[in-house]
Every structure is written in structure tokens, then in C-alpha cells.
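2 protein chains.
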Amino acid sequence: MTMTHPLDLALQLQSTSSGQYEGHTSPGYWNMVGPFGGITAAVLVKAVMDHPDRLGEPLSLTVNYAGALTAGPYTLQVTPVRTNRSTQHWTLSVLQTDGEGNLVVTTTATVVTAVRRETWSVSDEPMPEVAAPGDLPRIEPGFGVEWLQRYEMRQVQGGVPKDWDGSTSPSLSQLWMRDNPPRPLDFPALAALADVFFPRVWLRRARQVPAGTVSITVYFHASQDQLQTTGTGYVLGQARGQEFRNGFFDQTARLWNEAGYLLATSHQIVYFKE
Amino acid sequence: MTMTHPLDLALQLQSTSSGQYEGHTSPGYWNMVGPFGGITAAVLVKAVMDHPDRLGEPLSLTVNYAGALTAGPYTLQVTPVRTNRSTQHWTLSVLQTDGEGNLVVTTTATVVTAVRRETWSVSDEPMPEVAAPGDLPRIEPGFGVEWLQRYEMRQVQGGVPKDWDGSTSPSLSQLWMRDNPPRPLDFPALAALADVFFPRVWLRRARQVPAGTVSITVYFHASQDQLQTTGTGYVLGQARGQEFRNGFFDQTARLWNEAGYLLATSHQIVYFKE
Numbered sequence: 001m002t003m004t005h006p007l008d009l010a011l012q013l014q015s016t017s018s019g020q021y022e023g024h025t026s027p028g029y030w031n032m033v034g035p036f037g038g039i040t041a042a043v044l045v046k047a048v049m050d051h052p053d054r055l056g057e058p059l060s061l062t063v064n065y066a067g068a069l070t071a072g073p074y075t076l077q078v079t080p081v082r083t084n085r086s087t088q089h090w091t092l093s094v095l096q097t098d099g100e101g102n103l104v105v106t107t108t109a110t111v112v113t114a115v116r117r118e119t120w121s122v123s124d125e126p127m128p129e130v131a132a133p134g135d136l137p138r139i140e141p142g143f144g145v146e147w148l149q150r151y152e153m154r155q156v157q158g159g160v161p162k163d164w165d166g167s168t169s170p171s172l173s174q175l176w177m178r179d180n181p182p183r184p185l186d187f188p189a190l191a192a193l194a195d196v197f198f199p200r201v202w203l204r205r206a207r208q209v210p211a212g213t214v215s216i217t218v219y220f221h222a223s224q225d226q227l228q229t230t231g232t233g234y235v236l237g238q239a240r241g242q243e244f245r246n247g248f249f250d251q252t253a254r255l256w257n258e259a260g261y262l263l264a265t266s267h268q269i270v271y272f273k274e
Numbered sequence: 001m002t003m004t005h006p007l008d009l010a011l012q013l014q015s016t017s018s019g020q021y022e023g024h025t026s027p028g029y030w031n032m033v034g035p036f037g038g039i040t041a042a043v044l045v046k047a048v049m050d051h052p053d054r055l056g057e058p059l060s061l062t063v064n065y066a067g068a069l070t071a072g073p074y075t076l077q078v079t080p081v082r083t084n085r086s087t088q089h090w091t092l093s094v095l096q097t098d099g100e101g102n103l104v105v106t107t108t109a110t111v112v113t114a115v116r117r118e119t120w121s122v123s124d125e126p127m128p129e130v131a132a133p134g135d136l137p138r139i140e141p142g143f144g145v146e147w148l149q150r151y152e153m154r155q156v157q158g159g160v161p162k163d164w165d166g167s168t169s170p171s172l173s174q175l176w177m178r179d180n181p182p183r184p185l186d187f188p189a190l191a192a193l194a195d196v197f198f199p200r201v202w203l204r205r206a207r208q209v210p211a212g213t214v215s216i217t218v219y220f221h222a223s224q225d226q227l228q229t230t231g232t233g234y235v236l237g238q239a240r241g242q243e244f245r246n247g248f249f250d251q252t253a254r255l256w257n258e259a260g261y262l263l264a265t266s267h268q269i270v271y272f273k274e
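Chains as they are written, first to last, in the UniProt record's numbering: chain W, 1 to 274; chain X, 1 to 274.
For the record, the hints were derived by calculation from the structure and aren't laboratory data.
Ideal Cβ placement from N, Cα and C applies to all residues, glycine included.
Some clues are possibly wrong.
[Claimed, not checked] Chain X is faced by these chain W residues, among others (derived, beta-carbon under 7 Å): (1) Glu-125; (2) Gln-224; (3) Ile-269.
[Said to hold, decoys possible] To be clear about the criterion: a stretch of chain X counts as covered by chain W if any three or more of its residues have a C-beta under 8 Å from a C-beta of chain W, and this derived list gives those stretches: (4) 60 to 70; (5) 115 to 128; (6) 217 to 231.
Construct all of the structure, not just a fragment, from the sequences and the given hints.
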């Protein structure tokens, strides 16, 4: 008997016509009122990866969460709007039929793929020196949400507050993470990992206010080969808030593999209440 | 006689039908082989600001530079794809007729606008302590490109290398900047300022290799009121490279006003050669 990995289940897409795919929300990645945002990002990347006209590998991804997906089928529209010699520009949207039978946009996205060539390279964000994943305890998934069960996380610093007592603290988190069960890293999985961090405002204020990502951008620095080398190893994620103001904050994040390669950098702007 | 500010000239748009605008590239913001990327970002923000159905103020902007605009007219398509109670999601594209008479996409973009309410707020990126703009010399615009004449810049650190000798240095720049001649700050002007920094790879390597922005994201933390208060004052811009790898690097940037308010944070991924 072969078990399909929960992530591969969630990424299953049926091509119905050129640039159109049908998917289905995955109970395994359910958050409080809709799918985990990272899984939507992963599905969008998967659709580009599957497209027969794709040139190169993902370089940049922006996902705008326009409205919550409801449990059920959805349609992906994936269009390569411009293909250059070494870059390709994509626009994407996720559509779903609402309660009144209207087809509505739940998500918009843009992706750039690129054929990369070896050049002078340097990392100006070396991986911080932290304890090895094996030396850190595994975090029990909290909040009673399903998608957290899909990740193995080992906190270095900046975990979910033990007491929601309104005390303030820095908004920096570092944690080792990987898919649960382990699964060889690829671009969709990496896109999802970039959105794993709990809302910085919860950490900053030790207050569990309503919060949700409005827009996330991921820059992929890794090649397919580097992801393959990373395999089922851990990824060190670091996230920090920059500005919390009048209902929105932004987060900057970095993801390294165990060998210290910066695989991706990411930013998001997040709604919060109060 | 009233003189129209060069930025307002560049931002002139004619609404031709619902969500469609005609613009014209502006010689005043010409870069080497096309318009300064920041001016394209500014025009896109302007189009959203002009749209009669707009809800709230710009919160997030992503611009993907798919192909160079050529000197001449262009068409903007601006669609509010989803309007929620307090956020609105926009997709945009810039189209131009190419040499063979085909309408091609030169730029894609997404914008989120939002109605913001006063909440708990905190800045985790305080403005660095730097010399006041009046104590720093004005930089002579270089490279013989026109758009640099449209900005007054006073470098704090990390200026354009004097010698292109291939020596390595940190990729951090700080400079005071504002429109030239001074013009009250608004969302389009702020979007353009986020793209003012010269390519980090030039600074990092003291080598003037071909480079160009592929995708930029700007998160607006300022309200219209704060921009109005900033007026014609200077903006402190700080930019830094994070990862330079195989033909692309990413840049993270922050923009404060003289009062120390973080007006915007921004990120971009940039192509470079060699």
C-alpha cells in the first residue's frame, strides 16, 4: 500500500483546459476559517510548475488573499502573460462559486519564473548560529487547527506565548521546520513554509487578536538542485515584524537549509484587529 | 504662469473607459533603455487612486516588470477584482503596441487598498540616527540618465562607488531624498521613492554590471494624513541586499520621514549579469 503525502494530496490539480486547473481544498491543511494561506501559495506554485509552457524555475511569487476559500472545489486560472529570453511572467487567480452561485475571485497572484545561470554569488544574511534541530524539543501543535499537524517544528526562540497576558516582547521567531511526515523539499513546499509563522502581533503583544495575511511575497534563491540536496532535512525559518500600525503589520522572513544556504526570503502584510 | 511638476506630468492619465487609462511615457523620468521603474510603479498607484470605485488607501503594491516600455503611449488596465468590507484587491497591467503592431503586456501589478482604523501600533524599525539632510551635500546626478535629475539626494552612507575597481563592500545605503523640485508627498511619489536605490550589486562589487528590477513590492504604512504632514520634507531611504545568487539578488528597503515615521517598507528582486 502506498500512502500519498498530505501535501501531495493538497496539490492535486486537474487540468481542464489550457491554463485552467481544478483543485479541492484539503482538510489536512485547514486553518480556522479557511485553508492555511501557505497551502494556497503552494498550490499556485504547483500550477505554474505543471504548466506545459513554463520556462525556468520560480523566482518570485506574490499571493493576495482577497477572500477566504470555503471547503470544496476551486478553479485556478494560470496565464503566462509574457515570455522573455530568460524570464517568464505569470498571472494567476483562484475562483470559487459562492453561496449565491456566483463565481468569485478568492485569491490573485503573480509569479515570475527564470532560467538561472551561474554567476558571482554572495550571501549577506548568513544563517544565525542556533542549536541543531535534534537538540531541540518538538513543539506540540496548538490552537486545535489541523494544518499545524502537517509540520514538524522545533523552536529556537520566539515561540507562541505561554501566557496571553498582554506583555510586550520582541517579534523575532526562529524555528527549525519541515513537512510532517518528512517529504523532499520542492518549490510548492518551500512556498508554504514561508507562511508557517504565527502572527507576529500575537508574539509582540502576548495577545491573540484576530489576524490574517493579506499579501505575501516569496523570493526563491534556491534552484531545483539545491532543494533536492536539502531533501527531507530541516529548514531554519526566521521571522520578524517591522511596523505594526493601524490594523496592519508587515513581517520579514528568511529560510535557510541545514547546510546554511538561504533558500528563500519572504515578506507579508497582515491584518490585525484592535 | 503655472508650471506642472514633472511628476504630475508623468502621472497624467486619460480615462478612456471603465478601468482603462491611457498614459504616455515621460522623458523626464527616462532611464537607460526605458522609463525609471519607480515612475511605472507611481503611475499604477495613480490609476488606482483615480478609479471611481476605490475603497481606502494603498496598503500593498507589487509590480512585475515583464518587458521594457518604449517611448510613447501606453494603456493601463485597472480592475478591482474583489471588494470586501475594509479591503479591496486590484489587478493591473500596462500594455503597449510593439514594433509589429501587437498589443503586448509590459508590466503586471497587484494592489491592495484598505480602510484603516486606529489600533495599537508600534515601530520595530526605528529610524537610524543619521546626520540631518541640511548637513549633507547634495549628490550630483550621475550616469547621464534623466530621471536622476528628478530627485534631490543627500547621501548618508553607501553612495555610488567612486572607483569601479571590483572591491567588495557592504550593500547598505542610506540617503535623504525628495522630489526635485520639492512636491508634497503622496502615494504615487512614495511608490517611486521606494525604487530610487541604485542596484545593490554595483555597490557590493564596485562593478557596474547590467542590472534591472524584475519585481518590487511596497507596503504602505503611512496614511494620507501622514503623507500630507510629511509634505515636501525629506524621506530617509535605507536599502540593503540580502542574497546575491546566480543572476538575481533581493533588496530590502525602508523609508522614514524626517519625524521618524516609517512610511513604507519595500523589497525587490533584481536581475544582474555575470
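Status of the hints after comparison with the structure:
| no. | hint | result |
| --- | --- | --- |
| 1 | Glu-125 | holds (5 Å) |
| 2 | Gln-224 | violated (12 Å) |
| 3 | Ile-269 | holds (5 Å) |
| 4 | 60 to 70 | holds (count 5) |
| 5 | 115 to 128 | holds (count 10) |
| 6 | 217 to 231 | holds (count 4) |
When held up to the earlier numbered hints, the structure conflicts with hint 2 and nothing else.
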